[in-house]
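**Student:** Got chain A; can you put chain B with the ligands on it based on the hints?
Going down the list, the sequences are from chains A and B.
Just so you know, numbering that gives the first Met the number 0 puts 27 at position 28 of the first sequence, and the rest follows in order with no gaps.
Just so you know, numbering that gives the first Met the number 0 puts 544 at position 545 of the second sequence, and the rest follows in order with no gaps.
Treat the hints as calculated values from the structure; they're not laboratory data.
Any given hint could turn out to be false.
[Stated by the list, open to error] Each pair of labels, with its calculated beta carbon distance range:
(1) V122(A) / K595(B): 37 to 45 angstroms
(2) S234(A) / R269(B): 16 to 24 angstroms
(3) R1(A) / G10(B): 51 to 59 angstroms
(4) M0(A) / A566(B): 57 to 65 angstroms
Virtual Cβ for every residue (Gly too), placed ideally from N, Cα, C.
Next come the chains, spelled out residue by residue.
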Amino acid sequence: MRPFTYTSAKNKEQALQAFTATSHYLGGGTNLMDLMKENVERPDQLIDVTNLDYKKITSNENGGLTLGGMLSNSETANNKEVRTNYPLLSMAMLSAATAQIRNMASNGGNLLQRTRCPYFFEVSMPCNKREPGSGCGALNGMNALHAIFGYSDSCIATNPSDMCVALAAIGATVEVQKPDGTSRMIEFTDLHRLPGDQPEKDTTLMPGELITAIHLPKPEFSDHYYYLKIRERSSYAFALLSVAAGLQVESGVINKVGLAMGGVAHIPWKLTKAEEFLVGKKPNQSNFEAAAALEMKDAKPFEANKWKVDMGKNAIVRALTQAYERKV
Amino acid sequence: MTKSINTSGVGNAINRVEGHLKVMGKAKYASEFPVENKVYGQGINSTIAKGEIVSIDTSEAEKLEGVLKVITYKNAEKLKTLEGVRPEIATDSIAPVLQSNKVHYYGEYVGLVVAETFEQAQYAASLVKFEYKKDPTAVIDFEKSKSKAYTPDNGSNYSRGNMEQGFSEADMVVEQTYNTPIEHHHPMELHAVIASWDNGKVTAYSSQQIVEDAKIAISGTFQIPKKDVRVISAFVGGGFGSKLNLDQHVILAVMASKMVGRPVQVTVTRTQMFTNTNMRQQNEQKMRVGAKKDGTLTALSHETLSHTSTTQEYQEPCGMVSKMLYNVANNEVTYKLIPMNIQTPFAMRAPGEATGSFALESAMDEMAWKLKMDPLEFRIKNDTQTDLHENRPFSSRLLVECLRIGAEKFGWKDRKSEPRTNKKGNWLIGYGVSSASRNSPYLKTHSKVILELDEDKVFATIQMDATDIGTGSYTIIAQTASEYLKIPVEQVNVELGDSDFPITPGSGGSWGAASFCNGARAACENAIKTLKNNRNIAEDKEVAVSELLKKNQLTKFEAEGIAEPSAEFGKYSVFSFGANFSEVWVDKDTGMYRIKRMVNVASAGKILNPKTAYGQIIGGLTMGVGMVMAEQTRVEPNFGNFITRSFADYHVPVNLDLANIEVIFLPEEDKIANKMGIKGIGELGITSVAASISNAIFNATGKRMRSLPITPEKLIEAGLEEGVTA
Ligand SMILES: Cc1cc2nc3c(=O)[nH]c(=O)nc-3n(C[C@H](O)[C@H](O)[C@H](O)COP(=O)(O)OP(=O)(O)OC[C@H]3O[C@@H](n4cnc5c(N)ncnc54)[C@H](O)[C@@H]3O)c2cc1C
Ligand code: SF4
Chain A
0 MRPFTYTSAK NKEQALQAFT ATSHYLGGGT NLMDLMKENV ERPDQLIDVT
50 NLDYKKITSN ENGGLTLGGM LSNSETANNK EVRTNYPLLS MAMLSAATAQ
100 IRNMASNGGN LLQRTRCPYF FEVSMPCNKR EPGSGCGALN GMNALHAIFG
150 YSDSCIATNP SDMCVALAAI GATVEVQKPD GTSRMIEFTD LHRLPGDQPE
200 KDTTLMPGEL ITAIHLPKPE FSDHYYYLKI RERSSYAFAL LSVAAGLQVE
250 SGVINKVGLA MGGVAHIPWK LTKAEEFLVG KKPNQSNFEA AAALEMKDAK
300 PFEANKWKVD MGKNAIVRAL TQAYERKV
Chain B
0 MTKSINTSGV GNAINRVEGH LKVMGKAKYA SEFPVENKVY GQGINSTIAK
50 GEIVSIDTSE AEKLEGVLKV ITYKNAEKLK TLEGVRPEIA TDSIAPVLQS
100 NKVHYYGEYV GLVVAETFEQ AQYAASLVKF EYKKDPTAVI DFEKSKSKAY
150 TPDNGSNYSR GNMEQGFSEA DMVVEQTYNT PIEHHHPMEL HAVIASWDNG
200 KVTAYSSQQI VEDAKIAISG TFQIPKKDVR VISAFVGGGF GSKLNLDQHV
250 ILAVMASKMV GRPVQVTVTR TQMFTNTNMR QQNEQKMRVG AKKDGTLTAL
300 SHETLSHTST TQEYQEPCGM VSKMLYNVAN NEVTYKLIPM NIQTPFAMRA
350 PGEATGSFAL ESAMDEMAWK LKMDPLEFRI KNDTQTDLHE NRPFSSRLLV
400 ECLRIGAEKF GWKDRKSEPR TNKKGNWLIG YGVSSASRNS PYLKTHSKVI
450 LELDEDKVFA TIQMDATDIG TGSYTIIAQT ASEYLKIPVE QVNVELGDSD
500 FPITPGSGGS WGAASFCNGA RAACENAIKT LKNNRNIAED KEVAVSELLK
550 KNQLTKFEAE GIAEPSAEFG KYSVFSFGAN FSEVWVDKDT GMYRIKRMVN
600 VASAGKILNP KTAYGQIIGG LTMGVGMVMA EQTRVEPNFG NFITRSFADY
650 HVPVNLDLAN IEVIFLPEED KIANKMGIKG IGELGITSVA ASISNAIFNA
700 TGKRMRSLPI TPEKLIEAGL EEGVTA
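One chain only, chain B, in its complex shape:
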């Protein structure tokens, strides 16, 4: 028996347990639940950036066949509204909508049409006429609005040491600004919900990353008891942060259901995915780095200027990496935000690290070039085993190993340190490196296991409100149960994404795997322990779970478990680390470039399943390539709308753009992180890819590209003919 277990327990590269459901179309995503009698809602979006609705003509829409209701601020249900000036947006924030005639940004929902069919709702929505009074004070141009920036009152500004002294000790200073544009999450599955209001009770099949927080947000917005809300997110087709919080379409659907007395489905269109499901905001990051001739860092300052909406506050922690990645005594991190008439930004994959590491790891490269030092050695020289920000040790940190092993695999020694010296025909060839780090949270998780004995076989069902956002949660949780119950994975059934199940932190911030698996472990361990205790069997005695059930004369048994960080956990900083290496070929005539190969080394704790882990890193790298090559959402400077409206103009990488990618996981045992030694991996991949590629482009062309994305036109403007940027 033990053999078959070993092939499906933790650490094995098994196929996804839910894979066949997806291939057969049986995995039900939010909009696919067969809810009877449902109707369709179509949101209507504002076409001004700021102002007031002065009149609404719904007559034509209402005349159409199939139309049940046109909801605007005039007849909408009263909801709890945001209080105070720009409250901070959180994963459980309320999401009031249609509460006044005020418009705060282009694309804000101003109405919802409910009709029998999707087509009727869509057509009717286009017939509702709004007249606006435009407010000319709309803030839509980032560049021109910098004077409006304020310092957020959230305690995130930070400093240690003495900056002045740090810079006075420096032999070299790099002072540069790095720009990253608005980016959108764009998971493949559109945000969608089917909501029913039934005598004050709400059921919502909704695409969410955290069902518990969605439940809190619905109950908070409608001011109904939490127990009367049920949220189901059985399968989620990607989120990247955009489904962390509850977006307004869910509230619209619930409200509409209450008003028409039938279940209402609202699917956000791809165009609305730009305006109504959050985004990563534009960041202007000013870096100042001081170092001695021998490469010792003396000071590091990281200033981020960004924007939030006029109604809510979000600030991406771009400076986070600068606080902890290197050994620098003097460090300062500051933030400023411009309130703009654009929707509220929110966390997008590796918030802080993805963008912050572009600035930090580019600046590090610039410094290495100034110092005439190998950028790899410069990083290694400034390694630290202490998190100087928190003033505590890292639970484990293999950054230097990642860099060294990656360098070996990649062939870093063949890199020409002088830019523009590696050429082939029209191609300029360069190598780049960057370090990556990502905080590895571990959060309180509840779980339940149900054991059922069928002859000699035990079948286990694990239940928790965790989500699988395409990452492989079902699979690794099943493997965990297989591991701790010592039964083959085929005998494990995992049920997720229902708020009636035990509460977990959901998927986000790279905490899912560690939290869910330890939660499942705790329930399984609890089950076995209880079964042993009931029969006075020593806890360390190996007894098969089927035997335990028999000895207890049970054919069915349930146990719950809770996993949470130990006291030890709080004494350490727990992070995953990594290194990115890339080889880039730039065509000097056209500015087009090809990423020929990438090597990514990750030290991310216990690898639960090499296949799903690899998928996370590859996905992260691909998203990082998107950041570098093409992804950007631009705001029209006169009207405030996004000029990208679909995948035809919001470009993400295609297969051909991707390199030969080698991913290496370093074996790591970090029991401080949690009992199973699991660390986060979902956001490590995207972190610092942009810098690695940009650094390679510098090595190839001699042009330092400080503004993402790095497009052919920007490279042509930089002048690829000759010269090296200072």
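In isolation and in its complexed conformation, chain A is listed as follows:
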């Protein structure tokens, strides 16, 4: 491993001030340290932000909860208020990784975890995300686990986070501290970006910006929710594909839908068309199927990941059905 310096920031000002072009903030380190060991990330300085005072869960003015950026994934997902009011988020977060990793992982770090594309992890391979201009190894290589939506010729990677899929379904605002000490709010769906011709940029954050909070809207899907995660083993595996579904049903009619898919794009893939289609409709199989078809017809799979289209359709229908039937 390359040598680097380690600074533990005591407050926001220290963290922001210490930041340089070759620094990285350090959350739980469950992603960053792995990438450093592989020589993929090569910071000169790590600024540990886990001691900053953003580790609470509080009520916010929207009538929702605000999750501290440095709070661990475990503490967040197991929090009573979160479990009761945002069970979809809790379910998604608890499906991720292992208990040990969730104990270490921070909320801010989770939002910024990087792709699991194998070419990204292996420094002898071409990868535009790791080394802009070197080419995309996956494009004409092994891409069975890659994107079917929103990719470009320069990168076809997917975002691996489960938490982010649930947040895309629920909606959220991310609060970040800018290097000048002021803060700004980013709509959750604006945080991650499609690869375009700059796949090295996963998000719209500017250098040195620090995530300190995730503001959730007033709870809407605490009755009808489901996070369906498809994977080849029951834990400690990223999703082959996942769907977060939240429904609000009144008098037999859907009046609010939150729907997003994971494992299919460079960003948590919000299923806006299906959401719009379902509002005002009855929560039944044929409507769920129509909604799924509407989304999946836009998929552009590669030869090796065609299965994601069929699996995706099934997964949308299934997640909506389980959400509606309240089968967890």
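**Tutor:** Then chain B with the ligands, alone, in the frame of chain A:
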């Protein structure tokens, strides 16, 4: 006195005698020995699949603090190199490394950095720059390279009877191809060594399954006398075959120690465990099975296409099971290998059976389905008490009993023979069965016992160069001594894994328990016999060993023993047998499935300790579940590297994936196998689990899955909505 002995002798479910050492961190694994003045070596791996190193820049690495040496082919010690075209890899093969600028596969060692600390060595290794000239003729794509296959010249192709006639007598023929991917052993303990070169003498604390062969390999590679090499493997954190032979990191460590004049530790990283410690190769197995309407097998052919490296040959004996498991007069087994620019494969747990049984037991299931016969009855109908391959009887064979008893326990009669008829909500439910067999070798073993009298108590120490690779060797050897010396196990001390001790075959191929325990038995029996003879006591007279020592006026006495197969042994085929039953629930929407329960019945001779035996079967079943659900190492088709690099992407099962497992051992007395009646158990568990589960998936979904692992995406591609595969 006799009572306490009975509770710790052979057959008792005692706890592991070394358990407390492991729990307290006192059991020393290779890299944990406190060797003074040691430094660290970090291997550097090639990043091309084939070609030449054209330049090396070590300057930046050499400038770093703590770096003692950068070794590449340019300054490496001269070693004995492999001779001829692809010599067969064996457990005692030499392991030359850094002998030329040629690169044969992605990940091959091209250098080693030696530094004061592990961190310095690692960092420096990343700074050594290699420039390569890539050879575009690298063979890295199995599918596209089939025309390059050759027939290995090792006498393994086999046939009996008349295949043509066999198939002409058949009413039904099943002809299918089954694929299994590259898999990796991945024991929890990384391969590691601390080696010292001291005036031409080598000491290596190395994680090995067979210390004697490691010793031969080191002496052969450096061309130094065997007596000048000592290998110590006191505790081994799993091997599964990957530590049978000596891998190149050991040679690198010895070489580095010679060059820097200090002991050198080399630990293979988890990523290097993919490229530098062997693997199970990809197999394409073509099965052709012929049967009459009444279920009589008429012909069976088993063709295996596989790969080896460009430098050495290894061929997994996948067709072994087809030669001996069923009563079929006409049988053919063939092999072909493609030399590929991938590291040399080598034996992985149940080499031959684990993969071969997937093909055979799937094909048997397919035939049963075609014949509309119960797959259990179809197997039983084709049982044989003669090994038709060797043309000799089995020493004992309780396969039918395993199948019948398992069926009873499992509730096989509730199975719906028509696929897709057992459903619950989104779940499709199926039952599967498979037979298992595993050769039970028994090899020459030396052992020593040291008896010491302390007042009235006798303390015994058993020494042999056997290894405990996590299987429980320490415990069963202690139980054996307890049994034959008639002293409680607490008075037995077992010392293993040192090449200065008497020679054994080490751990591998399921021969360990039988060989080690009979070896220990022989030494104990010898001790007692000698003590009796010295005092003219009749050999059949019961005298406590403490009394014998006293009568001999001895407080300390040593005896050696040798155990080896009898002439009788050679007249029989000695195998362990088993049956696997599984119930699988497949989610028709997602392709995810759950193995709800498994029943495994084993007839594996004398069970020395039900706890350790159970552990072996459970471990084997778990590894089998891994084969079915997830394990696969894939080769990047453009570059030739493995795209799995860690446990994050090489998936083995987690606890939640495992079923309710019931393991039943059938009582078996097989004195032909060896005096103690012990048979192999370490590889029986993994054998045919994959087929049992795959057969259950067929019964559940109607989809025949012929390519491992069976993942959700493959099931979705197969179309779970409806239909039954032909
Ligand atoms: C084997 C394995 C399996 C996994 N399985 C899953 C899974 O199934 N599903 C899933 O969703 N995840 C999974 N994960 C990923 C895990 O959830 C992430 O690694 C974790 O959430 C990252 O959080 P962290 O605090 O450890 O981030 P770190 O590793 O500390 O940081 C990640 C990145 O975020 C930056 N950063 C951290 N905190 C902040 C902040 N407050 N502001 C700005 N930048 C910040 C860092 O500089 C770094 O670039 C798995 C991880 C592993 C190793
Ligand atoms: S998909 Fe993206 S991350 Fe993967 S190789 Fe291509 S550019 Fe790199």
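**Student:** The structure should be examined with respect to each hint, and the outcome stated for every one.
**Tutor:** To see whether the hints hold, each was checked on the structure:
no.	hint	in the structure
1	V122(A) / K595(B): 37 to 45 angstroms	holds, 43 angstroms
2	S234(A) / R269(B): 16 to 24 angstroms	holds, 19 angstroms
3	R1(A) / G10(B): 51 to 59 angstroms	holds, 56 angstroms
4	M0(A) / A566(B): 57 to 65 angstroms	holds, 60 angstroms
Hint violations for this structure: none, all hints satisfied.
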